[in-house]
Amino acid sequence: MDPTRAEQLALAREEQRLKKEPFKTLITDGLREDTVNALRGWVPPPGAYILLERRKNFLQPDLSVRVGYGLQTINVEERPEQFERLRRQVRKGARVIHYANFPTLNDPNPSRAAKVRGHSGPMGRSPWDALEAEVKSLLGTNPNWKEEKAKIEAERNALEMKLQAAIIKKGSQNDKTDNRL
Amino acid sequence: MAVSNITEVSNAVTIGNALSAIASPALVKSTCMMNLMYTENLPVGTNVKKFIKKGSLTAATLAESTAAAIDANGELTDSSITATAAKVFVMSGLSLEAETFTGLSVARLGEEAGAAIGRAVDVDALGMFDGFSTVVTASTVLTIDDVMLGQFNILNSNCHNPEVQLQCVVHPKAYYNIKKEMIQSGASAWANQTFLDVLGRNPQQNCYAGSIPGLADFYVTTGQATTGGDTIDGIFHPMWALAGIFASAPVVWVQRQGAGGFFTEVASAYLYDIIEWNDLAGVELDSDT
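In the order they appear, the protein sequences are chains A and B. Just add 30 to wherever you are in the first sequence, counting from 1, and you've got the numbering used here. Just add 235 to wherever you are in the second sequence, counting from 1, and you've got the numbering used here.
Any given hint could be a false lead.
Said to hold, decoys possible - Simulated pairs of lysine-lysine, DSSO-like, Cα-Cα distance not exceeding 27 Å:
1) K122/A x K285/B
2) K192/A x K176/A
3) K122/A x K166/A
4) K122/A x K176/A
5) K264/B x K414/B
6) K176/A x K54/A
7) K54/A x K166/A
8) K122/A x K289/B
9) K176/A x K50/A
10) K54/A x K181/A
11) K49/A x K408/B
12) K179/A x K192/A
13) K122/A x K54/A
14) K176/A x K49/A
15) K166/A x K176/A
16) K322/B x K122/A
17) K322/B x K285/B
18) K322/B x K166/A
19) K192/A x K181/A
20) K122/A x K288/B
21) K181/A x K50/A
22) K322/B x K288/B
23) K408/B x K50/A
24) K122/A x K284/B
Simulated from the structure, these hints should not be mistaken for laboratory data.
Chain B on its own, in the form it takes in the complex (with noise of 0.2 Å):
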C-alpha cells in the first residue's frame, strides 16, 4: 500500500535530461569508392568531359618486293566515354528554437550532409558492377576462386598495369564467406601469414578489410545492387575500370529565412559524374544474397 507525504524526486526541481558523454554514431554505410577510380577535376566551362579511350594499330606481313597500301591496319581511331556533372543535394532547415536550446548547430548539419552526400556517390559507384559484361555467378557463396577468375577475365583481356593490385568491392556476407574458407581450407597457403591479411584484419572505416597477395585488395561494404538471388559485388582494375569527375568539395549555402518561419536553411549541393571507362577492366561477382 503506498505510504502518503513522502518527500519524493517528483518533489524535486530536477533537470530534465542528462546527455550521454559522448554520442553513437549513426549506424549507415561508410564509403570507399571514390578511392578506387581515376578521378578529375570539373572542367571549366562545361560540365562535360570526356575520358579518351586510345586505339591502336594492326601490323601485317609484307611479302619481299609486294607494294604496301595504307588499309584499315594503318587508322588510328581513338574513342571516348562522356561524363556530364550532376548535382546530388541536401536540403536542410535548422529552427532557431533548436539552434538556440539544443546542441544542434549549422555546422552539425552541414557535416551530416557531406556524409550523405558521400554514401549518395558511393551507392552510385558501387551500381556500375552490374555494368560490367563478364560475370563471375558464385555456385551459392562467393569464394577465392571466384574472385581469381574476375582476375583472370582482367589479365586475359590484356588491361594495362596488370602490376598494380586489383580492387574487390564486397558485401560483408561475401566478405564473411571469403573469411571461413580461409579458415575451413586446408590448404598450405593459408597457413603462410602473408596470406592471412584479410583472415587477420578488421574492415577500416574506409572499408579496406585487407589484401591476398597477387590476387586483390578487399573492401567492405553495403549498397550494392541484386539480382533475383544475388548480390552484386565487383573485382575491377583502380586505374582503368572506373573514372569519374568530382568537385573539390560540396557547395553549401546557408540561408536565414525569417518570413519562411525562422529557420536557417542549408543546403548542400555536390557535382560529379562516373563512368566506365573500360568494361573488360572490370568483372561483376555476383554471390548469394
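The shape of chain A in the complex, shown without the other chains (with noise of 0.2 Å):
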C-alpha cells in the first residue's frame, strides 16, 4: 500500500531528524545506536529531569521482538524524593546517562528556590542535592574515561613528538659545533 500524503511528511520528518547531531549527555561512552538515534532531535523536558538508557523489546509487526536500546526519563522537577524509582530502573539495567536543571536554594528562578525551600525541610537540606549525590555515584566518578584516555593518548603522543623534534634539533647543533671543532 502507498503511503498516504501524512505519512510521507512524517517519514521526511524522521529523515531530517536522523540528520540531526544528537543530545550531548554527560556520558557519551557506549552509547547504544539506538539510543544515539532516539537523542536525535531529543527536547529535554523543561524541569528537572534524570535521563536513562534501557534495554527495550520492540515488538515488531510480525509478532517478533527486537532486543534493542532506548530512553527513559524521570521527571523530578515537583518531586524529588524518587531514589526508590530511580534505584529500581538501575536495577531493571539501565543506565544513567544523564541529568540537568536540578533547582537549587539560590535558584535564579525564585519560584524554584521556593520549591527548593519547601522540599528542604527545618534542616534546609536540599532533597534534589541528595537525589544529584545519588545520580553522581551512578554515573560513576569518570563515566567518560575511553574519552579521556584518547585525550590524554594524544597530548602524550604530541609531548614525545615534541620531545623527539628537540633531540633531533639538538643533535643538529652539536653536529654543526663538531664540525666547527
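Take the two lone chains, each set in its own frame, and fit them into one complex as the hints suggest.
If you want it as C-alpha cells, here you go:
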C-alpha cells in the first residue's frame, strides 16, 4: 500500500531528524546506536530530569521481538524523593546517562528556589542535592574514561613528538659544533 | 478636525472595568491517570508501602517408583515493589488588598492548587510509560494495529484478568490518527456502529474518549514524555500495570501573615507515590510527535 500524504511527511520529518546531531549527554561512552538515534532531535523536558538508557523489547508487526535500547526520562521537577524509582530502574538494567536542571536554594528563578525551600525541611537539606549525589554515584567518578584516555594519549603523543623534535634539533646543533671544532 | 467642548465619555464618572458573566477556564491539561491504576491509602506510621508480587511454583513429572525431593521448583518466593510517599506542593499568598477588592479568595487559591497538584500527579503517572520494557514503535503515526500489538504482548505475558478492558492513554495527535484511520479504512468493522465509539464521541473532562470493543478504552491527554521523534503513549492493564499510594485529599494550610506583608499564605501539599507494579502488564506506544 502506498504511504499516505501524512505518512510521507512523517517519513521526511524522521529522515531530517536522523540527520541532526544527538543531544549531548554527560555520558557518551558506550551509548548504543538506538540510544544515539533516539537522542537526535531529542528535546529535554523543561524541569529537572534524569535520563536513562535502558534495554527495550521492540515488538515488530510480525510479532517478533527486536531487543534494542531506548531512553527513559524520570521527571524530578516537582518531587525529588524518587530514589527508589531510580534504583529500581538501575536494578532492571537501566544506565543513567544524563541529568540536568536540578533546582537549587539559590536558583535564579525565585519560584524554583522557593520550591527547594518547601522541600528542604527545617534543616534546610535540599532533597535534589541528595538525589544529585545519588545520580553522580550512578554515573561513576569518570564516566567518559575512554574519551579521557584518548585525550591523555593524544597529549602524550604530542609531547613525545615534541621531545623527539627537540632531540633531533639538539643533535644537529651538536653536529654543527663538532664541525666547527 | 477635532471639535472643542463636546461632552464625551471621559467627562463622565464611569466604572473602570466590568466583568463577563463567566470566566473562561485555564487551558491546562485534564487529569485521568489516577483512576486507571490500582490505588491504596497512605500507610499509617510509615511512608513506605510494599506492593506484593506473588511468586509461583513449577510442577514436574515423576516416573513411577522414583524418589521426589524438595527442589527449586517447590520454593515459593514472593517479591515486592516499594512505594515511598513524598509530597508535591503549591504555595500561594493572597494580599489583603486582593482579598478585599477583587473576586479572588483563599478558597479559589485552594481550588486552583488542588487542580495543579492533580496535574502534577498525572504527569508523573504518564511518565511511567517509558519504564515499560516492551515497546511498539509506529512506523509513522499511531495505528489501531499498533495498539493491537500492545494488547497482544499484554495477553502473551499471561497478565491476569484478561477479561478487563485495557486502557490506552494517548496524545491528541495519536487520537486524531486513530480517528482518521477509522474514517479512511474500508474494513467492514468500521461500518459497524458498535466499533465506532471512538469516532463518534468527543473526549470527556476526565479524558475518556471512547472504546474499541475487544481492544481498549481510549483516553486523550497531554504531558507525555518524548523520545527524539516520538511521543510516548501507553496501553496497560488497569489492575496490574501501575499502582499507587495516595492521600485521601491534599492538605491545605491557611496562615495569616501580618509582619510578612499583610497577606494570607495558602500552602497545599499532597502525599503520594506511583509505581510500576508489573512491567509486562503494560506496553509503551511510540508514535510520531
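Hint check results:
1. K122/A x K285/B: holds (18 Å)
2. K192/A x K176/A: At roughly 24 Å apart (the allowed maximum being 27 Å), K176/A and K192/A satisfy the hint.
3. K122/A x K166/A: holds (18 Å)
4. K122/A x K176/A: Holds, at about 25 Å.
5. K264/B x K414/B: Judged against 27 Å, a Cα distance of about 21 Å means the pair holds.
6. K176/A x K54/A: Given that 27 Å is the threshold and the Cα spacing comes to 16 Å, the pair holds.
7. K54/A x K166/A: Judged against 27 Å, a Cα distance of about 17 Å means the pair holds.
8. K122/A x K289/B: Holds: K122/A and K289/B sit about 18 Å apart, inside 27 Å.
9. K176/A x K50/A: Cα-Cα ~24 Å, so holds.
10. K54/A x K181/A: Cα-Cα ~18 Å, so holds.
11. K49/A x K408/B: Given pair K49/A, K408/B holds - Cα atoms ~24 Å apart, limit 27 Å.
12. K179/A x K192/A: holds (20 Å)
13. K122/A x K54/A: holds (24 Å)
14. K176/A x K49/A: holds (25 Å)
15. K166/A x K176/A: holds (18 Å)
16. K322/B x K122/A: Holds: K322/B and K122/A sit about 26 Å apart, inside 27 Å.
17. K322/B x K285/B: holds (18 Å)
18. K322/B x K166/A: holds (24 Å)
19. K192/A x K181/A: holds (17 Å)
20. K122/A x K288/B: Holds, at roughly 16 Å.
21. K181/A x K50/A: Status holds; Cα separation ~25 Å.
22. K322/B x K288/B: Holds, at about 26 Å.
23. K408/B x K50/A: At roughly 23 Å apart (the allowed maximum being 27 Å), K50/A and K408/B satisfy the hint.
24. K122/A x K284/B: Distance of about 20 Å is within 27 Å: holds.
Against the hints set out earlier in the document, no violation occurs for any number.
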